[in-house]
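> Protein sequences, first through last, are from chains R and H. Going by this note's numbering, the residue at position 101 of the first sequence is 190; the numbering climbs one at a time, nothing skipped. Going by this note's numbering, the residue at position 382 of the second sequence is 932; the numbering climbs one at a time, nothing skipped.
No lab work stands behind these hints, which were simulated from the structure alone. Hints may be right or wrong, so weigh each one.
As the list claims (entries may be wrong) - Covered stretches of chain H, going by a simulated chain R footprint (3 or more residues, C-beta under 8 Å):
{"id": "1", "region": "935-947"}
{"id": "2", "region": "950-959"}
As the list claims (entries may be wrong) - Distance ranges between label pairs, derived from CB positions:
{"id": "3", "chain 1": "H", "residue 1": "A613", "chain 2": "R", "residue 2": "G147", "range": "55 to 63 Å"}
{"id": "4", "chain 1": "H", "residue 1": "G933", "chain 2": "R", "residue 2": "P115", "range": "48 to 56 Å"}
{"id": "5", "chain 1": "H", "residue 1": "L909", "chain 2": "R", "residue 2": "G147", "range": "29 to 37 Å"}
Stated by the list, open to error - Straight-line C-alpha distance at most 25 Å; calculated SDA-like pairs for lysine to any residue:
{"id": "6", "chain 1": "R", "residue 1": "K285", "chain 2": "R", "residue 2": "E252"}
{"id": "7", "chain 1": "R", "residue 1": "K240", "chain 2": "H", "residue 2": "E968"}
{"id": "8", "chain 1": "R", "residue 1": "K240", "chain 2": "H", "residue 2": "M944"}
Note that the structure is predicted; figures quoted are calculated from it, not measured. For every residue, glycine included, the Cβ atom is placed at its ideal position computed from N, Cα and C.
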Amino acid sequence: MLRIKNLHVSIEGREILKGLDLEVGPGEVHAIMGPNGTGKSTLANVIAGRDIYENVEGEILYQGKNLMDLSVDERANEGIFLGFQYPVEIPGVSMTNFLRTAINEQRRYRGLDPMPGGEFLRVMEEKKALVEIHSELANRSVNEGFSGGEKKRNEIFQMAMLEPRLAILDETDSGLDIDALKVVANGVNKLRGADKSFIVITHYQRLLDFIVPDFVHVLFNGRIVRTGTKELALELEEKGYEWLKAETT
Amino acid sequence: MDKMVLNGGLGQKMLQLFAEHRQQIGMLDSPRIHSLREDAIQRFEALGFPDQANEKWKSTSLAKPLMLEYMHFLEPFEEAVDLEKIFRCEVPDLDSYVVTQYNGWYHSRNAAISTLENGMIIGSLRAAMQAYPDLVDRHFGKYLDYQQDGLKALNTAFALDGLFIYVPKGVRVEKPVQIVNIINIKENIFVQPRNLIILEPGAELTLIHCDHSLKHKDSLINSVSEFYIGDGASLDHYKIQNKDSSSTLITTTHFHQEKESKLSSNILVLNGGVIRNNASVRLAGPYADADLSGIYLMDKEQHVDTHVYVDHAVPHCTSNELFKGILDDQASGAFYGHILVRKDAQQTLAYQNNRNLLLTDKARIHTKPHLEIYADDVKCSHGATVGQLDPMAMFYLQSRGIDPHNARMLLMYAFAAEVINKIKVPALRERIDEMVSKRLRGELSICDQCILDCSQRRPVIFDIDLSTL
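Only chain R is shown next, with the shape it has when bound in the complex (with noise of 0.2 Å):
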């Protein structure tokens, strides 16, 4: 599904991925943790095409294709769909059109015709209730005035209604409270298949609970320094960072 080889990332001049390494097969869960500042964001945004990066070197490749080569939105139409953790708040665009607009895009790509309006309403309802999302939240416009937990299940609605076959989780988990957490989670099991995958960025245990991961990556420094299970996040809990810190260093 996605093979990352030697991947270095640059932001101002200073180095932030550093030889990364991470291969997701088909239908695995991956999460990926890791103290504040050693990229894990940046892993996400650079899958996903952002632009603001320099230096970008090594090897993305998604489905045998070279990510690089892509721009953002091919790669979202090529099934890569990534949770922001900070979703943008977009006034004057509703919800219902942004999705509408979205997904007719996806199907321009995939060379289908647009969606019909009574099937994609009934699809929106059908996603709407995964991940209990009132009917008010789809007629306002794109996060404006959301709250923390809106804006988070918001992505995981959009993460529905697309249906990608890689999605990374930007700390889709942080700021919500247990309940939410438990929606979200249950939004992101009930999608889980043989064919979909997930990189599931966290600072906390606590999400993996819901989503159990088939993989545990402690990423530091810019590198992926340890991978194992979800015992190692269990680990990781109980021991903090500091022990692989003193490792690595």
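Given the structure of chain R, go ahead and fit chain H onto it with the hints provided.
Below, chain H without anything else, positioned relative to chain R:
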């Protein structure tokens, strides 16, 4: 046909023209209007055309258009034209009463002035001066202040024709009235239409004012519209400008509002060479309300300058301004918003907002709010922003598969929608909505208004349901 060719030194030529044809120009004048004209031409002589040393004109230069030679007509344009053959309004389903001005003169296949069943009088100002001299005398030139503005003075001196509307007391005019100004001539032309619209107490009117040009010759338009909105009367006014790049359009719209009257004005600028719109309101009776909004979409070398002046003369009035602009390429613009709250105008609410999007490094906008407040119990605010499309919003939209072009469109469209949404006539709103999305896609040109519409209509990929915004 008495036509004059005006060479360089346009101001001097106009003075000469007035001196030589004083009799003819003032043929239909009442004594008051006669004196007004004489005073106005003297003011023009003193002021001349504004140049950039004039604080109110520092963002807009008329130097180039004033260098050209123009035809200026002192009598109605007598070319036999079938307007329906050359122009078709592109607003389908808009059931309106359409009148036209052709090269600055009121043009009608029927009578020059007529009274409709509901009592509304509509026709040419020239005909009104003959048929309803008292009515014209009671209002003409009473509200517009030309003392500090050479162009307004010149228009007043040369006011010969334009649209005249009189809505009697309590009459609610159901159908919108649409006036289409068409410039269609092989030579350069200087026109100065003068419109007078009178709403007696309790009257209601929707007026859609469209400025178009068909032939790509240089034209200089200096138009003035005076509105009298009586007690409790209500006016819904739209100005739609889609001009070619070789036109210089200067419009002055003055609204005089009496007690408890309501004004909603929307200025929609889609294309133009050089455009200067002056909108001024005098809130002369308590509890009057003025809502002024506008959008300007400019690209290439286009220039738009919007001056809004709201005079709160009495207590308990409200005014609200929302003007938005999107400037692309090397386009330039200015917004100057002046709110005056006089000493006695307590309990005034006055808001002003000007927001601009610049799409390139070369696009420019000067925005200047000016609040002048002499009363102490008022609520006034102003805001002005100039910015680019939010790069995070662009990334967010693209990360959902929306290509950069459409993402830009979506953001620009959302920006404009706030103003478009204020249009109360549904058929007009839909059409403007479509024109704006086409305009933002770079597909709307002046050709769009022509019956030979040869522009390619590509399907709009995104669609926005304004009702959900």
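> Would you mind marking each hint as holding or not holding in the structure?
The hints, checked one at a time:
Only when three residues or more bring their CB closer than 8 Å to a CB of chain R does the claim for the region 935-947 of chain H stand; here the count is 6, and the claim holds. Interface restraint, the region 950-959 of chain H with chain R: holds (7 residues with C-beta to C-beta distance below 8 Å; minimum three). Take H:A613 and R:G147: their Cβ atoms lie about 58 Å apart, and the range 55 to 63 Å holds. In this structure the hint that H:G933 and R:P115 lie 48 to 56 Å apart at CB holds, the actual value being about 52 Å.
Against the hinted window of 29 to 37 Å, the Cβ-Cβ separation of H:L909 and R:G147 comes to about 34 Å, which satisfies the hint. Taking the CA atoms of R:K285 and R:E252, the gap is near 9 Å; set against the 25 Å cutoff, the hint holds. In summary, the hint linking R:K240 to H:E968 is supported, as the alpha carbons are separated by about 23 Å, within the 25 Å threshold. Annotation: proposed proximity of R:K240 to H:M944 holds, straight-line Cα distance about 17 Å (limit 25 Å).
Every hint, counting from the list given before, is met by this structure.
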